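> Take the sequences, apply the hints, and build the full model.
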Amino acid sequence: YRCSVKTWKEYASNRENVILKQSLGSRGYLGLMRIASAVIGNSSSGVIEAPSFCVPTVNIGDRQKGRLRADSVIDVKRQKDEIIRGLKKVLYDKEFRNNLQKVTNPYNPYKDGNVGGRIVSILESVPLGRSLLEKRLDFPNSEEVKLFHAR
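If you're matching positions, the sequence shown starts at 6 in my numbering and goes up one per residue.
Honestly, the hints are just simulated from the structure, not real lab data.
All figures in this text were calculated on a predicted structure; none of them were measured in a lab.
We put the beta carbon where it would ideally sit given N, CA and C, even for glycine.
There's no promise every hint is true.
Said to hold, decoys possible - Just the calculated beta-carbon pair ranges, DEER-fashion: (1) 35 / 72: 18 to 24 Å; (2) 36 / 113: 17 to 23 Å; (3) 39 / 16: 20 to 26 Å; (4) 125 / 23: 42 to 48 Å; (5) 17 / 82: 51 to 57 Å; (6) 46 / 104: 17 to 23 Å; (7) 121 / 10: 41 to 47 Å.
Said to hold, decoys possible - Below, simulated BS3-like cross-link-like pairs (lysine-lysine); rule was C-alpha separation at most 27 Å, straight line: (8) 82 / 11; (9) 14 / 85; (10) 26 / 107; (11) 14 / 93.
Right, here's the structure in full:
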């Protein structure tokens, strides 16, 4: 880990278009994900979060082996020519790019975009009545009631 941080710092120090941050926080990271062209690396985020943003991933190596994959994740070996091949595919392959909007993320619980319809269907099946407006305190035994009133 330290070796790779040192390597990234050296890389960033020689380039104006590279900014290195230790952490962006959740909002910052997801904000960048929203506008990213691709995710490149071996982070689980490229496999789990990126597909929900329709952002393709070049997943390098086998660190994420065993995880489900969306069709937007391209697995490559840790070899320069493989990484370049993966980058060219996710950035310039028109058919691949056009299909990103149709990708289903296997980790997204709302998968099909119809979560609103399912919520409406469930709410329509709930019997409405005054009992929904009544506030109740339920105590399992009388000792707890005594303690509650003693305060």
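> Determine for every hint whether it applies to the structure shown.
Against the structure, the hints come out as follows:
no., hint, in the structure
1, 35 / 72: 18 to 24 Å, "holds (19 Å)"
2, 36 / 113: 17 to 23 Å, "holds (18 Å)"
3, 39 / 16: 20 to 26 Å, "holds (25 Å)"
4, 125 / 23: 42 to 48 Å, "holds (47 Å)"
5, 17 / 82: 51 to 57 Å, "violated (25 Å)"
6, 46 / 104: 17 to 23 Å, "holds (22 Å)"
7, 121 / 10: 41 to 47 Å, "holds (43 Å)"
8, 82 / 11, "holds (23 Å)"
9, 14 / 85, "holds (20 Å)"
10, 26 / 107, "violated (32 Å)"
11, 14 / 93, "holds (25 Å)"
The structure fails hints 5 and 10 (numbered hints given earlier, in ascending order).
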